[in-house]
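Colleague: Chains A and B, in that order, give the protein sequences.
Residues in the first sequence are numbered from 1 upward in steps of one, following UniProt numbering.
Residues in the second sequence are numbered from 1 upward in steps of one, following UniProt numbering.
Among these hints, one or two may not hold up.
Residues from chain B shown here face chain A by an in silico Cβ test under 8 Å; the list is partial [said to hold, decoys possible]:
#	residue
1	Leu50
2	Pro60
3	Ile146
4	Leu152
5	Phe240
6	Leu273
Stretch-level coverage of chain B by chain A, calculated; a stretch enters the list once three of its residues show a Cβ under 8 Å from a Cβ in chain A [claimed, not checked]:
#	region
7	66–77
8	177–186
Hints were generated in silico from the structure; no laboratory data involved.
By construction, the Cβ of each residue, glycine as well, lies at the ideal position given by its N, Cα and C atoms.
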Amino acid sequence: MAQAAAVAKAPPAGPPPRRRRTSATPRRLPYLLIAPAGLLMLGFIAYPVISVFYYSLQNYNPTKPWRNGFAGLDNFVTAFTGDPDFWSTLGFSLQWVVVQVVLQLLLGLGLALVVNQTFIGRGLARALVFSPWAVSGVLTSSIWMLLYNSQTGITRYLADAGIGSYGTSWLSDTATVFPAVVTAELWRGVPFFAILILADLQSVSKDLYEAAEVDGASRLRQFLHITLPHLKDAIILSTLLRAVWEFNNVDLLYTLTGGGPAGETTTLPLRIASIAVDSHDFGYASALTSIAFVILLFCSMLYLRLSKFGGDDK
Amino acid sequence: MTVKEAQLTPAATATASAPPAPGRRRPETRPSKKGSSWDDVPRRQIYVPLGVYLLFTLIPFYWMLLFAFRPTGSTSLVPWPLTFEHFDKVWNERAFATFFQNSLLVGVASMLMTTVVALAGGYALARFDFKVKRAFMLALLCSQFIPGALMLVPLFEIFANLKMINSLGSVIIAETVFQLPLTMILISGFIRNVPPSLEEAAWVDGCGRFRAFCAVVLPLLRPGLIAVGSFAFVHSWNHFLFALMFLSDQSKQTIPVGLATLMGADSVDLGALAAGGVVAALPVVIVFAFIQKWLVTGFSAGAVKG
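Extracted from the complex, chain A is given alone in its bound form:
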């Protein structure tokens, strides 16, 4: 920032000082200001994306260098026809995203509506219910791992109280693992949704409700016709950002279940990471990455269309 401004004010002397101060070379200045961000993103986002596409057309495996070289669309053909795990992990990814986003939206909306009310202890209540937002990733996993532990976790105490049985580990049983990981992810995901929605709720004018009140509209109708339409944009934004985030996010599943049991909780990104790290098949991992990228790009276009992002300020 300081640097950019200093450059902008540097010679060539040009117009007399006073004039230069008021207009401060506005033609070059915005470019100088976005340059650091632009260069960082070019180097560490754009270039890697391009190389992912490049590698996806290659056989590229550092442990089998003799096979390396141009592979055409082989990796993609393998993904779509020769790899049963691709479809199952993609299916699980979609299931994961849909369940997470729908539940997070509903619970987050409900939570936001509740803590938007005026009541005693609201500040504390907000701080407490939002607190898991600050605790993410691996820490969430470790907390829930403690809770789900078959020997000393909450199941034991529930069993003492007559619910369930001893020695169950919800994380290693295919019947319970999905609800278990979904619950853990909801624990940290709902607060974020609630914060975004609450922020928007606060900008609804009270006058609208008062007017509706005068007209005799019920609270449900007020919610449907005033609150929800007002929240539409915030909901679109948070839903799509969350969907992508839930799709990509690996740390919780990686540490909590490692994708197991029996691959039950492996998402596509988790599988890509394991292909790249464990079998060093960078070419195939890149092809899967490209496919994931296209899927996500589709989401982003949908988002652009729905929200008209980046247009005029209004």
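Put chain B on the given structure of chain A with help from the hints.
Modeller: Below, chain B without anything else, positioned relative to chain A:
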């Protein structure tokens, strides 16, 4: 205006616990007395769902504290007698003291880099119309759809070429880059909320653009910047993938990786895991308590108006 006034009158902070003066922040805590139906929702409909949700939120935290402070082998539901054996173990034997320092360095450095770079970019996006603006905004948005996890291979190669593998610098850069887009969108939203006329007035008074920005705009942005900076810190503090991939020396590792290794063993030492969790949570809890009041306003000012 609230920020400036508070700054100019130190008394305002001294009397912060007194009833809020008219015109101070958070008018929503003093709703209009003539209740619309929205204000007199039955208490039951607030406290019951809130209570249930609070249980869901707090039981896991309690569980962590319980295991962290309870002696090994105890099955008591209260952590009594208190023991610090688990903390001693993770902090000294499991090198969490080192992880803690590394995480702190990564968190603070990426927070500063993110904020400064995004401030410059956000200012340009908020105040100027220029040729590539729309394309740049699009790029910011699209970058949100690019999975950091999926770019590990090329990123690894870049850092290997830069000879930055196994240096905290690689993690700092990666964390910064992946937080930049959203931070910049938020900050440009904050800046757009500051009337340009304020800055123009300062130019007329003979300030350069940079000085006018520092003197007029920056103080007004402070709450938003604190919120955004804290998000950045918390995110880098918690994030695990880049540290896992780019750092191989144990002495370079960060807290989340330390936690993951505690979890990875066949027989997990639950006490140590819980104590490690408490160590990992402590800084974010402090940051969170500090920014809590700006959290919601920060988002409403920046994100939603995009």
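Colleague: Now tell me, hint by hint, if it's right for this structure.
Modeller: Hints versus structure:
1. Leu50: holds (5 Å)
2. Pro60: Constraint on Pro60 of chain B satisfied, holds at 5 Å.
3. Ile146: holds (6 Å)
4. Leu152: With a minimum Cβ separation of about 7 Å from chain A (threshold 8 Å), the hint on Leu152 of chain B holds.
5. Phe240: At about 5 Å, which falls below the 8 Å cut-off, the nearest Cβ of chain A leaves the hint on Phe240 of chain B intact, so it holds.
6. Leu273: holds (5 Å)
7. 66–77: holds (count 3)
8. 177–186: holds (count 5)
Taken one by one, the earlier hints all hold for this structure without exception.
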